[in-house]
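J.: With chain A held as given, fit chain G onto it using these hints.
Note that the protein sequences, when read in sequence, are chains A and G. Following the numbering used here, the numbering of the first sequence begins with 1 at its first residue and continues without gaps. Following the numbering used here, the numbering of the second sequence begins with 1 at its first residue and continues without gaps.
A few of these clues could be false.
Which residues of chain A face chain G? A partial, calculated answer using Cβ under 8 angstroms [said to hold, decoys possible]: (1) Ala45; (2) Ala60; (3) Lys166.
Since the hints were made in silico from the structure, they are not lab data. Heads up, the beta-carbon is just placed ideally off N, CA and C, and yes, glycines get one too.
So the chains spell out like this:
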Amino acid sequence: MAIVTLGFAAFAADIKSRIVVEKPRQREDDDLLGRIAAGSQGALAQLIARHGRGLRIFAARYLGNASDAEDVVQDVFVTVWKNAGRFDPRRARVSTWLYKITANRCIDQRRRRFLRNFIGLDDLDCDPASEAPDAEARVSDRQELSIVRGGIAALPQRQRMALLLKVVADLDVPAIAEVMGTSTGSVEQLLVRARRGLRNHVAAHEGRERNV
Amino acid sequence: MTEDEFAQLTRRFGKDVTAWPAPYRQQALLLSAGRQDSPSDRDEALDRLVLEAALDDTDEQRLASQVLARIDADRGRTFGTRLSSFLLRPATMTACSALLFLALAAGGYQLAASEGNALDAKLLALATGSPANTGLLDLSPDDGTENAL
Numbered sequence: 001m002a003i004v005t006l007g008f009a010a011f012a013a014d015i016k017s018r019i020v021v022e023k024p025r026q027r028e029d030d031d032l033l034g035r036i037a038a039g040s041q042g043a044l045a046q047l048i049a050r051h052g053r054g055l056r057i058f059a060a061r062y063l064g065n066a067s068d069a070e071d072v073v074q075d076v077f078v079t080v081w082k083n084a085g086r087f088d089p090r091r092a093r094v095s096t097w098l099y100k101i102t103a104n105r106c107i108d109q110r111r112r113r114f115l116r117n118f119i120g121l122d123d124l125d126c127d128p129a130s131e132a133p134d135a136e137a138r139v140s141d142r143q144e145l146s147i148v149r150g151g152i153a154a155l156p157q158r159q160r161m162a163l164l165l166k167v168v169a170d171l172d173v174p175a176i177a178e179v180m181g182t183s184t185g186s187v188e189q190l191l192v193r194a195r196r197g198l199r200n201h202v203a204a205h206e207g208r209e210r211n212v
Numbered sequence: 001m002t003e004d005e006f007a008q009l010t011r012r013f014g015k016d017v018t019a020w021p022a023p024y025r026q027q028a029l030l031l032s033a034g035r036q037d038s039p040s041d042r043d044e045a046l047d048r049l050v051l052e053a054a055l056d057d058t059d060e061q062r063l064a065s066q067v068l069a070r071i072d073a074d075r076g077r078t079f080g081t082r083l084s085s086f087l088l089r090p091a092t093m094t095a096c097s098a099l100l101f102l103a104l105a106a107g108g109y110q111l112a113a114s115e116g117n118a119l120d121a122k123l124l125a126l127a128t129g130s131p132a133n134t135g136l137l138d139l140s141p142d143d144g145t146e147n148a149l
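Okay, chain A solo, but in the shape it has when bound (with noise of 0.2 angstroms):
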């Protein structure tokens, strides 16, 4: 009994911390996209400084494609701006909100590009954002990298977008499921094939190179 009642309290504890830790930074967002409403670009400017950062690297990860990700998050905060109104802080979280449109944005981005690859629009698929893991530098710190960025590259759309909304976005689970449209077991599922997926990946290419 005690140890069900301790084992309850850490878990109220460390609810009640994120909670708290959770607060100032909606605030903030919140406090922001009433500005945006209203019509303010400086509060616009704002918001593109505290979450362009994490949208652009999660769309280039997961596009694939710099310049893709450049418009999609451009679009996004387009999209913000005339959408700010709509914008309900008791349904959605800011951020969970921003990283939805995103990866809306995203998921159309790709089947343009398909569409484009599959007309011959474009010759090539270039794809500065995964770079071959032979092209980075020799140092084997970034050349591990190099790899991982490959294995995030390799992996299914589905479990891609939920590992860099979890990685990247920093959300939880319930949170990357309502980004993603989908059931919290499902996210959970996700997530734990593409890490599987990510080392197996990782471990093939360690693998290679010993042999060489």
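T.: Quick look at chain G alone, frame taken from chain A:
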């Protein structure tokens, strides 16, 4: 993240690192934890590696200026689009055509009326016996018209 970058971000987002936006927050927490601090489980270790691999140089100021430029351009385009869509509406086009037709018709009547009035005046002058004022007959003594009559 270097110590200098950490200091810059502290000035930008405040001292409470946990309130910073992602991915600055994770980077700062990693820095404060120190590299020698090994993560508690395998997933956490892999996530750290993924974060490090995913990070890239970004320029938020450039992004902000590009977004604001697009918003300004959109604003101008929106006005143009609204105007053109208003002008291209069937009702607007019909109304404009009707107005143009009426204007042309009224202009024609006006022109015809002014010419008709001048002719009436000349004929009236001729009928009342003062043809010299009408311009219909030139009765200057030099051209011999009087003699011919």
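J.: Hint by hint, say whether it matches the structure.
T.: Now for the hints, and whether the structure bears them out:
| no. | hint | verdict |
| --- | --- | --- |
| 1 | Ala45 | holds (4 angstroms) |
| 2 | Ala60 | holds (6 angstroms) |
| 3 | Lys166 | holds (7 angstroms) |
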